[in-house]
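Student: Spelled out, the chains give:
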Amino acid sequence: MSHKQTRLPSLFILIFISILMTGCSSSQPEVEKTDISVRLKWLHQTQFAGIYVAEREGYYAEENLNVSLDIVDFAQQLAHEKVVAGENMFGIGTPDELILARQQGYPVRAIAVIYRLNPLVYTAPGDSGISTPQDLIGHSIGLGPGQGTWLYAAMMGRLGIDRSQIEEIETTTYDIYECWSLADACVDYATNGPVRVRFDGGTVNIIWPSDYGINFYADVLFTTDEFIAQNPDVVARFVRATLRGWNKAVEDPELGTEHTLSFDAELNYEAQLAALNASIPLIDTGQVSLGYMEPEIWQEMMDVMVEQGILSAPFDVTTVYTNEFVGE
Amino acid sequence: MSETSSPVVLPPQSTGRTWSERSRFMQQFSLVLLVLMGLSFLSLIPIYLELRSGPVLLDMGITLLAVSGLLVAHLVARQQRLMESGYAVLFVALLMVAGVFVEQGNLLLSAPPILIGVLLTIITIWPNQWGRWLLVILFYSLLLLATQQVTLSFSYNLAQAESFNIRNGVVVVGGLSVALLAFARSLQRGSIRARLIISYISLALLPVILVGLAISLVNVQRAQTQIFGQLDAIASQKETELLTWVDQLQRTLAISLTARDTDIVEQLLQTPTGENAEASVAQIEQSLQNVIVQTELFEEIFILDLQGRIVISTDAAQVDKIQINQLYFREGVNAPYFQPPLFTPSLGTVSMVVSQPLYDSQQNKIGVIAGRVNLEQLTQIASRLTGMGERSELYFIGLNNGLITRPRLAESDGTLFIRSEGAVAAISRRERGQGLYENYRGVQVVGVYKWLPDLQMALLAEQEVDEAFATIRTGVLTSVIAVVVAAFLALMVALYMARTIATPVVQLADAAKVVAGGNLAERVELERDDEIGLLASAFNSMTGQLQMLIGGLEERVAEQTRDLTLAAEVGQRIATERNLDSLLTAAAQLIKDRFDLYHAQIYLTNPTEQLLILRASTGEAGRELLRRGHRLTVGPGSINGAAAANRQPVIVSDTQQDLNFRPNPLLPQTRSELAIPLLVGERVVGVLDLQSEYPNALSETNLSAFQTLAGQLAVAIENASLFTEVENARTILEEQSRRLTRTSWDSYLDAITRQERFVASYQVDSSTTPDESAPQVAVPMQVANEPIGFIKLVGKSADELSEDQLALVQGVANQVAQQVENLRLFAQTEQYRFQAEQAVRRLTREGWEAYHASTGDAAAGYIYTQDQVLPLSTAPTDNGTNGTYIHPLTLRGEPIGAFHLPSTHTPDDSTIAIIDAIAETLIDHIENLRLSEATQTALAQTETLYTLTSQLTQSETLDNVAQIIAGLYEDSSVTLLTIESDALGQPEWLTIAASWTATPSLIDPGTRFPLAAFPISSLWIKSGGKPVLIENIETDPRVDEQTRAISQQFGIMASAYLPLRVGQSWVGLITISWQNPKMFSEGEIQLIESLSAQAAVVVNNRLLLQSTTKRANRETMINTINRRIQSATSVETALETAAREISQLLKARQTLVEINPMTQPGS
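Protein sequence lines, in the order shown, are assigned to chains V and X.
Counting with the working numbering, you get residues 1 to 328 for the letters of the first sequence.
Counting with the working numbering, you get residues 1 to 1163 for the letters of the second sequence.
Derived from the structure by calculation, the hints contain no laboratory data.
Among the clues, some could well be false.
To be verified - Take a look, some chain V residues computed to stay more than 12 Å from chain X by CB distance:
(1) I169
(2) T172
(3) N215
(4) D252
(5) S262
(6) T285
Claimed, not checked - Heads up, incomplete: computed chain V residues facing chain X, CB under 8 Å, no partners named:
(7) I206
(8) Q287
(9) E300
(10) D303
Just so it is clear, the structure is predicted and the values come from calculations on it, not from any experiment.
Quick reminder that beta carbons are idealized off the backbone N, C-alpha and C, glycines included.
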């Protein structure tokens, strides 16, 4: 090449390399990941789809979190015990659990709500004619121990319906058909029995407590005050990634189900997907963004618990939750 | 590259760029592409680092392959393999198209460079093949278009990478820089045509492009503003519409119950289970239903009590539900509230609720009246778009990023969650704004987004970018078209201007090249009015003049060459002639004929070189001149004479203009003449005379040719003369030789055998005597054609012998003659040798005797005793007696000395042998020494002589001469006398001319003596001019008494008399005298003899000079006197002058001049 040509390419290479240098400097440095562990409320299922999505889609990784998920410890099913004990940093629990725990001195705090609408419902076969609580008068209802029962009591109380006119049968089964064989109506999870019935081609009437003034949150994310105080940004990152995962799961239930199955391959895809689809309206009500907890609802929940005698005495319910990590 | 490079086959060239020019272009072009491709490759690296996907690697691989392809193209182009280089570049272009497939880049960016590159390549490798160009461009264009249609799975969207911009920037900057550089270079270094075209195009394009760009940019800006403004307006309008609608809903609710209905409701709320409760409920329900039907705004209207319980509802299933925790109740119990879309599980739908407090007639709050709104209405509001294009839509999004209204341009089942940039900005950040982003359908849109706080919803109005900027696109397209058209027009104009300006310039340049290459007939055909036309006509005229000039020169050169060739030819012809006369005649004729002359003749000089004798002359006139024996004198009197005298050619170019020309009546037509002297060395042997009837036909121009001829002629003449001489000499020699042979034989016969003849005979029968009468054949035996004898065959006659037999006898005779001659020569040689030997011996003896004599008192010999060598004073006298062994020393048979060995007995043979050997060596050596001495002496003498001679010849006066001679001998006196001879040439008077004496001379120079005063003169007169040397005046018998007495008187003991003779006349005498007796050696004698000869000449010259000078002076004087006398104007004056002058001259006291006719001289 002529001597005149050599200047041009070398000049260009020089210029270009300098540009390249500046451009390359924007690559991110390696950041240390924080290890956190989450105690799930139950076994792996699409109930926790958002978390699986957040893990598999790398949202936790993007927040530099190394998340490990623990399923329920049947020896100690109360997640808050685990969290307070320090075994897990985060847990999934119900607001009434947390209120009670708080009252007992556990420094637990809810940081985001997942299930805005409680899936706990009262079901009756579609042809039973029972579609309102009033319809229950003169019929029987199968109730299990725990939340289903005192929610029922609260609902009936709100409505002013005489419970004595309804036969309350104690049931322990979660099989809806089995329950229906025992009573006219049964307590169930909207994501469970009704899904199955519809799957089988049947019809089911559902009585939603939320239609009758009983608006309880279901799954909430919680951690301890201590953890919040010491690692507020870890909490923020965790909440952000989890909510992002839940948003994704709500948008794309198939993906949520896939990722759920990646944690437990023996689950039934169809069933899990159906359950998730049924859950989505309870999670995303369209009213507020995911995670935000309405103070009125917390207050209402505490009031109901006090009213029903679950809680001995009211206290400042704002100590049980915080919206600082969910924005708005 | 291949090891065997095939020879470059150049295609036939038409006009345009040469093969090497195009190869060089490909070289540079491929290099530039190489650099750009390299940059492109490098810029892919950050993209790979960002995306880390396989297709990027593939892209890099393709780019790398392209780089190598371009490298190949470059290297191959350097080897002048143009076609291979072009194909390589085309292959690289294919690779680039593949790259576009992989990159899914913007076709607008990637297509032009590829197409331009391909175009440049094919223009270079297939010049003027329009069809091929079209086909190839079409091919590549189709391929490029296909990249847009076909999406490979193994591809990636380059634009996704953030580093994409770097790449773009680098490549664009690189490309632009290259283009600029090429542009600048071509402006600087391209041909005129290229520069003109580029200048024109850029002049035309630059403003158009700039203006177009500016306008486009402005337009784009305005259009964007306009679009956003439009969208914003629509959004605002929709917002207002929505708010109005909500307002309407509220108002409808407000008036849905009449006052009476309200009363009923009040009552129902107080006592829900009162009488007529059912009927009242039904009635209210009916009213509400009517409102629904009439207004078509609500799906359901219901009334809640202050505890949140649905008391009345147009949807019976909702009655008795408790909605105390619902926002629409909690808020609506205080003020009119619009609840954003809410999913109600029991209803299984998303719905909005409008609620407001219900007041009784006393404005007491009794409950909440709410209406559930059909979302469809919202969709209708959203979709009632006016003033927006087909590809635009407006929609509402809830807090969960879920689409509330049904999308216009997309099919969806289920909720669509929108997380586009606008949605995120509106929902998450509660912002309002606008931007260009990708919407939920993945399409680039211009969007306006607004957060509606009252409704807890976001409003998004979007228009697809393609549609939005359609007008801009049109505008830009228009600009581009304008630019292209402008470029095209500019190109046309440029081409035209290039043609009118550059083409003629190129024409001129080509013509100049042709002329410079040697073809002077080249002319440029350009008829123009401008400066180029001027240039062209000037060029033509210059070339024409050059042509004439050179043509003329060439003509002259041709003429001269022809002349020279002719001269050479003539020279060759005449050189072969041996006979002088025939040579001259032939030469003259040849010259006249070949050079087309009127007349030619050759003169030769006579031996004294004073006359020119005509020896050859052409034609009738020539014959006549020869018959007359025409001759000229060497000198200025004639042209030829002058030529011979001056040794220079004489040219008369035009006889009529030459005043000195004297025409020869026999040659009346002569108009120009050339006379060339024929020179051999410095000698003039003749003159060549050439005459032409045309003036200026013979001139300086053809002189050189004729001079060559003259030279050859002179040489030929000389050769012929020499040849003749040689011939003569040879003949004489031959004659001599024959005579010699004859004489030799005669003497031989005489000398050896005293017989007149030899005879040897052989006869078959020896008994009989030779019969004289029998027939006989005599065959002569000859030596050098001189018969010395014969072979006689007796008994045979000549005709009885055959040719062969005669030849045989002749051969034998020759052989015998030869052998006899050889024998004779040998015998003669022997005789000569003997005589020579004798002579040498005599010389040796004489030499030694002389040597011995000259050494004088040198030792006669040497005696050796046991301890020393002593010289002998006298020669030993004993002759072999007393036991002395005498061994003579002989040289060539002559005794020159002897060893004397005193001993008691005769030495034995071996001793003698030893002595012999020693003697031989001694003799040889002393002979050598003697000869060497003699040589040296002779050499010294010669040197002396030489020195003397040169001194003599340089001597200016006679005194000098005497001085020089005196210088020979230290103590000598030299006298130089001049001799005046009598009428018989015998010396009569002696005058002392010069002397150089050691002692003051007693005799004055100029003294004149008669010869009788020197009786010694008889000696040197008798000697005939040889010097007379008297070694001892006392004892030399030749000296007469008188002389002896004088010599004694002057103290002279030895003297030499050197007579100086020149020819037969006596010039003078040199006497040299010494105070002591002197011995003259042989060498000295010779020296003196030579000296006298030299001195004679010198003195003679001096005397002549003196006399000549005297005479000249006298003449001058006489002339002066004559002149003076002649200047006298009267007789008296003349006489006076004469008397005065003569008296002054002769220094006479008185001079008388008399005019008397009667007076006799002498009285």
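Student: Would you mind marking each hint as holding or not holding in the structure?
Tutor: Consistency of the hints with the structure:
Distance check on V:I169: its Cβ is at least 24 Å (rounded) from any Cβ of chain X, clearing the 12 Å threshold; non-interface status holds. Its beta-carbon lying about 26 Å from the closest one in chain X, V:T172 satisfies the requirement of being farther than 12 Å from that chain. Some Cβ of chain X comes within 12 Å of the Cβ of V:N215; the nearest lies about 4 Å off, and the non-interface call is violated. Taking the minimum C-beta to C-beta distance to chain X, about 9 Å, the non-interface status of V:D252 is violated against the 12 Å cut.
At roughly 22 Å from the closest C-beta of chain X, the C-beta of V:S262 stays outside 12 Å, upholding its exclusion from the interface. With a least CB separation of 5 Å from chain X, V:T285 falls inside the 12 Å interface cut-off, contrary to its annotation. Annotation: V:I206 was flagged as interfacial toward chain X, and the flag holds, the nearest CB pair being 7 Å apart, inside 8 Å. A cut of 8 Å between beta carbons decides the hint on V:Q287: the least distance to chain X is about 5 Å, and the hint holds.
Proximity of V:E300 to chain X holds as hinted, the smallest CB-CB distance being about 6 Å (cut-off 8 Å). The closest approach between the C-beta of V:D303 and any C-beta of chain X is roughly 11 Å, which is over the 8 Å cut-off, so the hint fails.
Hint compliance for this structure: hints 3, 4, 6, 10 are not met, and every other hint is.
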